[in-house]
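Peer 1: Kindly produce the complete structure, drawing on both the sequences and the hints.
There are 2 protein chains.
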Amino acid sequence: MNAIMKRLLSVSIIAAILWVGISVPVFAADDPLPSWNDGPAKQAIIAFVKETTNQAGPKFVPPEERIATFDQDGTLWVEHPMYTQVMYCLERVPAVVKAKPRLSKVQPFKTVLSGNREAMAKLSMKDLEKILMATLTGMTVDEFNAEVKKWIATATHPRWNRPYTELVYQPMLEVMQYLRANGYKTYIVTGGGQDFVRQYSERVYGIPPEQVVGTAGGTRYGYAKDGKPFLTKEPKLLLNDNNAGKPEGIHLMIGRRPCAAFGNSTGDRQMLEYTKAGEGTRLSMLVLHDDGEREYAYGPAERLPNTKVGTFTQALYDEAKKNGWTVISMKNDWKRLFAFEP
Amino acid sequence: MNAIMKRLLSVSIIAAILWVGISVPVFAADDPLPSWNDGPAKQAIIAFVKETTNQAGPKFVPPEERIATFDQDGTLWVEHPMYTQVMYCLERVPAVVKAKPRLSKVQPFKTVLSGNREAMAKLSMKDLEKILMATLTGMTVDEFNAEVKKWIATATHPRWNRPYTELVYQPMLEVMQYLRANGYKTYIVTGGGQDFVRQYSERVYGIPPEQVVGTAGGTRYGYAKDGKPFLTKEPKLLLNDNNAGKPEGIHLMIGRRPCAAFGNSTGDRQMLEYTKAGEGTRLSMLVLHDDGEREYAYGPAERLPNTKVGTFTQALYDEAKKNGWTVISMKNDWKRLFAFEP
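So the protein sequences, as listed, match chains R and P. For the first sequence, my numbering assigns the number 1 to the initial residue and increments by one for each residue that follows. For the second sequence, my numbering assigns the number 1 to the initial residue and increments by one for each residue that follows.
Please note that a few of the clues may not be correct.
Because identical chains share one entry, a pair is satisfied inside a single copy or across any pair of copies.
[Unchecked claim] Below 30 Å or equal to it, Euclidean Cα-Cα: the simulated DSS-like pairs (lysine-lysine) are:
no.: 1; residue 1: K130; residue 2: K236
no.: 2; residue 1: K130; residue 2: K331
no.: 3; residue 1: K225; residue 2: K321
no.: 4; residue 1: K228; residue 2: K110
no.: 5; residue 1: K126; residue 2: K236
no.: 6; residue 1: K59; residue 2: K149
no.: 7; residue 1: K100; residue 2: K225
no.: 8; residue 1: K322; residue 2: K225
Simulated from the structure, these hints should not be mistaken for laboratory data.
Peer 2: Okay, here's the thing in structure tokens:
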């Protein structure tokens, strides 16, 4: 290269940066997944992205078909000792009882108000459902959204004493960013409440509300006294986004089969099967909670007592191995778990 | 500006163009809505876009909140003499009867098979529902998708003898493109079948399947003999995306209130109300079919006989005027209706 060309080129580079500012594509760092140890899981993710975005290759996926779905609880953030949304519902009970004082004498509200943790741990699924219905329905959509936003901003996890939203797995955030940088639309597909997760998904995961698929109830359109319309959350289940409900919910809300799916429990099994059964290259990954020191161990080898969260059974592990899903070992594959760790 | 600066600047511009190629923003043509006559409707659209995208102005809307929703039948394409999807269902009847011969002796299938147009025009809503259930459910999602794609590629409108997909209103395509060029996410929110519209929405409107909200039935996850999972379309209504069902469906599928909404009938009333009732600048527009020559006239002043499609009543027209919705006069506001017109 001669001197004039060199000078022109260096002027060009500076000029390009000055002139286009934000339009210059951000070049990914050498390692798009710095919180991952090298190993089969990391390699599977990188190979998947390279193959499906290589226009000249046989496994190319057109940009509009690039869909990736992520379970939330236990896949994107900590789900122990209890789902965050269940914590929210329990902590909302006093406010609900204040508005409807007769509930204070009725089970299971009486037990929740007592604060007796042992008694609360024994609540049945039916009791829990009553609590969920009372705390998640009956109010306007705007009221609910405001309550959740307020709560999630201050509530903290009992073990780490940090907001739940900081207990997001940094390696998974990197996977989402890496996929998005390569033209993938990332979705949350959660058994948790769609309306609940939508209140923080954009800030925490970079996923907009319209890309959150979750368990969803109906709403009812009505008018206030001043004629303004509003929506009320109804105690009517539209979509139970667990197990077979996950592919069904994906069909309802997205209308395409994902190219990649990430889960951690039997509730994700059908989503991972459905994803992997598509034509071409598909990636199904299963997070194994085998890190009792940095987080919790409740994989097929070890079980937490009294666990009510979705379980990673030996049968699921066997299906993963048989069907070519990649198991992510939290202990071995993740260099660090949380962004606040050094 | 001195000569060196000038030279540097001109090198910069060329360099910027050379270096960033595709990243340079495409500047809109002088007129983003060339198929619109100048008038209050066109002005309302342009003012809305300018105000909501002007970062320094008081009506700025952050890009992630830019959502615009469009009814389909009668708003984006011709809905007369019958909804296109109803045509599909009627034309599918012979194939359904072939698979289930006992239906040939049963009403309303017998009438449809007779081909007697007068008798068909008299079918009740209940009859129509039976036909819809028989032709839209019971098959796998993949089978249904393939059938619709095949049909829509060849079926033609009786008046124009052109594919239905060519009877899309060019002025509305321009509005969608203009909104998207300004950071808006465009959605179809249709009373028609979500799965049906998704088969051509990307090709015809530039709207991907995941941005189609429509009347939706449930699906059921199951396994083929070889173990492959698949989804079957069930005769179970999840979302009736008409009237109050439109804002309810928007909440379910998008989770945000639209900034702009476009409709043409009483079935769109609640969507237009809900949109307009949001804070800040909102745009609600109503297409008035007042062009009996180039299309059809069935506004509040004139009614087509035997019309079964959503109606634009005088009450709706009055509500539009009262609530500040903008009425689009097909006759006066649209320079041309279809792309194939000169």
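Peer 1: Cα distance capped at 30 Å. Does K59 pair with K149 within a copy, between copies, both, or neither?
Peer 2: Classified as between; 24 Å across copies, 42 Å inside a copy.
Peer 1: Treating 30 Å as the Cα threshold, decide for K228 and K110: within, between, both or neither.
Peer 2: neither (37 Å within a copy, 48 Å between copies)
Peer 1: For the identical chains here, do K322 and K225 meet the 30 Å Cα criterion within one copy, between copies, both, or neither?
Peer 2: between (60 Å within a copy, 17 Å between copies)
Peer 1: How would you classify K126 and K236 at a CA-CA limit of 30 Å: within, between, both, or neither?
Peer 2: Classified as both; 15 Å inside a copy, 26 Å across copies.
Peer 1: Could you figure out if K130 and K236 sit no more than 30 Å apart (CA to CA) within one copy, between two copies, both or neither?
Peer 2: So K130 and K236 pass the 30 Å test inside a copy (13 Å) and across (26 Å) alike.
Peer 1: One pair to classify: K100 and K225, alpha carbons no more than 30 Å apart. Within, between, both, or neither?
Peer 2: Classified as within: same-chain Cα gap 23 Å, cross-chain 53 Å, threshold 30 Å.
Peer 1: At most 30 Å between C-alpha atoms: does K225 with K321 qualify within a copy, between copies, both, or neither?
Peer 2: between (59 Å within a copy, 21 Å between copies)
Peer 1: Please sort K130 with K331 into within, between, both or neither, judging by C-alpha distance up to 30 Å.
Peer 2: So K130 and K331 fail the 30 Å test inside a copy (37 Å) and across (56 Å) alike.
Comparing the model with each earlier hint shows violations of hints 2, 4; every other hint is respected.
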